[in-house]
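Residue numbers (our numbering), protein chains in the order written: chain X, 127 to 310; chain H, 3 to 191; chain R, 5 to 411.
Treat the hints as calculated values from the structure; they're not laboratory data. Accuracy of the hints is not assured; some may be wrong.
With a straight-line cut-off of 27 Å between C-alpha atoms, the simulated BS3-like cross-links for lysine-lysine are [to be verified]:
1. K194/R / K287/X
2. K287/X / K75/R
3. K129/X / K298/R
4. K366/R / K129/X
5. K133/X / K108/R
6. K75/R / K282/X
7. K316/R / K206/X
8. K108/R / K194/R
9. K25/H / K95/H
10. K177/X / K75/R
11. K366/R / K282/X
Keep in mind it's a predicted model, so treat the numbers as computed, not measured.
Below, each chain spelled out in residue letters.
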Amino acid sequence: MSKLTPKILAEQARIHGLLVEIYPGNRIDLDANAEAVLWVNSQKELVSAIKTLRTETGLQMDRLSDITAYDNIDGNDGPKRFIMVYQLYSMRFNVRVRLKLGLAENESVPTLTSFWRAANWLEREVYDMFGVKFEDHPDLRRIQMDERFVGHPLRKEYDIKDRQPFPDSLPVRIATRAPAIGQE
Amino acid sequence: MSKDGSAGFIPTTLEYAVKWAQKNSLWPFTFGTSCCGIELMSTLSGTYDLARFGAEVVRFSPRQADMLIVAGTITTKMSPVLRQVYDQMLEPKWVVAMGACSSSGGIFDTYSVLQGIDEIMPVDIYVPGCPPIPEGLIHAILKLQDVVQSGSDRPKMHRLTRAEANDAMSFRKGTDESLFDDSKPLRGQ
Amino acid sequence: MIKDIRTSLLEERQNLSDFYNPQVMINMGPSHPSMHGTLRVMCRVNGEVVEDATCEIGYLHRGIEKLGEAKTYHQWIVYTDRLNYCSALTNNIAYVMAVEDLLKLEVTERCQWIRVICMELSRIIDHLICIAINALDMGALTCFWYLYHWREEAYTIIEAMCGMRLTTSYSRIGGMSYDLPDNFDSMMNKFLKGLPKSIDDVEKLLSANRIWVDRTKDVGILTKDECLDFGLTGPVARASGVDFDLRRDRPYYTYPELDFEVVCGVNGDVYDRYLVRMEEIRQSAHILAQCVKKLPKGPLWVDDRLVKIPAKADVYNNMETLIHHFKIFMEGVDVPPGESYNCVEAPNGELGFYIVSRGGPKSWRTRVKPPSLLLFQSFEYSMKGAKIPDAVSILGSLNIIAGELDR
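Produce the complete structure using the sequences and hints provided.
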């Protein structure tokens, strides 16, 4: 943890304080690196938070680093099924802020393509892997898997070895699935 | 032809000469996908020169190559591409499965990786390693040269019966009936 | 019979506009004559100019992130090599840093210096291969042979360090798998003496070369704002003038003590990216020379019993150490719940590992933030209006590694 310089740690503390000021009602965590994690409660709040974080002079989160999600099927991080994670980076202060939003199974999220073009493929990947739909996305289709693939691989109920060959790639000899050591 | 049926002097020498020429001029089609592709490039570069063994001309056109080196992981999305490249190559052709991923899926036993290219094409030489060091690939090419010289038969692909295919994909039974439609022939038959 | 075919074909033609339509769909398929890996670009070409392009990825999607949930933290180190396979050491170290953040471990000084050495060495080899392939695509084959020789020399050093050339799996949680070999100083000095001369040779061949300059200057320009919009980092962004380097701006490990310069370009074209990478190789060599001098002696492993892998001699002779070793590898290291996001300056850009842990030996979600994904997305945009040979130059300069793109 102390691999970061004191200057960066001080900036992170300042940003954390500023976020607590701007969003007094929201849950703000600190992760293992003392980076701020801001939980937003709804899709509208997400868009307004992105706008504020981009323009606020003390924050200036101008680069989108990553959009991803994880499956909250055990309910550890709230009642909703998926947690969307947005990583923002401030090129001026060199500090990261993470935004998290809980999503139920069939809910959709507004797209961030209008803010950053980087969001385009990142959101397509979240759709491909989790099935989360993005409103107003210019091109929402599968990016990693084949178009005919059924299911979303990174969901917890998808078995890792569940291969889906298609008729034009149907193997002639299909390998049998050996059970892993210790697998129930 | 002599009394015991063995062929005379001239046909065997011609066959020997043809095979000698073929083995010493195997032109590779380097189907490099992932990490093994980098080691393949190392093998082709100056330190471990594959060109000394005749593989000088690296042709990126399947019509002009006779050895297909599949280096890297082949996913189910990529397998029709690989199969098409293999089909376009002209006989005689040989296939080298370089690395663990193309031999058997390697460390990736997941939902999108083909567990070995021998699921879709017959393979002559398997090169173990992840990735195999360039000396390993050169050893494999030399072994392939022995195979070419001796003219041994292409290993036969095991053609699945419909029952075996149903059995292997039993975890998918009942989901997509068209895959198990008996009126359509199995691919490859 | 031919007459019948001809008459039937003539009837099918509706109008001549299909022939006079100058737009052609070209598919630079997943199997293509450059060694960039499995990328697919479909373009609509008018004459020689690309009007529109779309890229398709996923031909090397191996499910590495899903495997992160199925394997223990140590077992997954092996998969990190296969992400950016041109600079495997960086991926190993970046991942292990994220896990150590979760465990609240601080590695020893010697370990930090060794990790910096590994990251800079892998930066050199990744830039070498990028320039070599870029030149190869444009026909400058000599540079490929020159630069590849130094890649082999670096491979010999890496093989002496950890036993494997390419897929190293060198780092472990809390330390490194092996200490540096005894003759490391002399090997590294020999390497650092010869490398700049070769880089100068290649620069003499390329930088003032009329053909190279014509093919790379003002090709594939990305402005500063576009870089920020696409979220690009690394040499491509620096060539466009974005003065950002994680090693200087958000330093980690021993980078604050090292003296190096961040190389920035002006135009953002392929020529600038090539120059930025060449200069970064020289800067990395300079960093390596400093590291070799400053490398301290001392313990390699962190002093935490639950994480430190015991020495092999003890494992073979001592029963308790054997059981301890067994427990660390079979049951896995118990990581407390939490999450951590660790970014390093990989040769391609900002490489991030985001790990969500719910306790236990396996992670709940491991996410790799790949720089290549954002770079390839900008390729779709750079292609518009470029000619097809220019598209090949641009692709080579972006350094797309398919393993990282698709995971």
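Assess, step by step, whether the Cα of K287/X is no farther than 27 Å from the Cα of K75/R, and give holds or violated. OK: K287/X and K75/R at ~13 Å, within 27 Å.
Hey, K75/R versus K282/X, does the alpha-carbon distance stay inside 27 Å? Holds, at about 14 Å.
Between the alpha carbons of K366/R and K282/X, is the straight-line distance 27 Å or under? Satisfied, since the Cα-Cα distance of roughly 14 Å is no more than 27 Å.
Tell me if the straight-line CA distance from K133/X to K108/R falls inside 27 Å. Distance of about 20 Å is within 27 Å: holds.
Are K129/X and K298/R close enough, with their CA atoms no more than 27 Å apart? 18 Å, holds
Checking one constraint from the list: CA of K366/R to CA of K129/X, max 27 Å. Satisfied? 24 Å, holds
Given the hinted pair K316/R and K206/X, is their alpha-carbon gap at most 27 Å? 47 Å, violated
Going straight from one Cα to the other, do K108/R and K194/R come out at no more than 27 Å? 38 Å, violated
For the pair supplied as a hint, K194/R and K287/X, is the alpha-carbon distance within the 27 Å limit? 47 Å, violated
Please verify whether K177/X and K75/R have alpha carbons no more than 27 Å apart. 39 Å, violated
Between K25/H and K95/H, is the straight-line Cα distance small enough, at 27 Å or below? 11 Å, holds
Checked against the numbered hints listed earlier, the structure breaks hints 1, 7, 8, 10; every other hint is satisfied.
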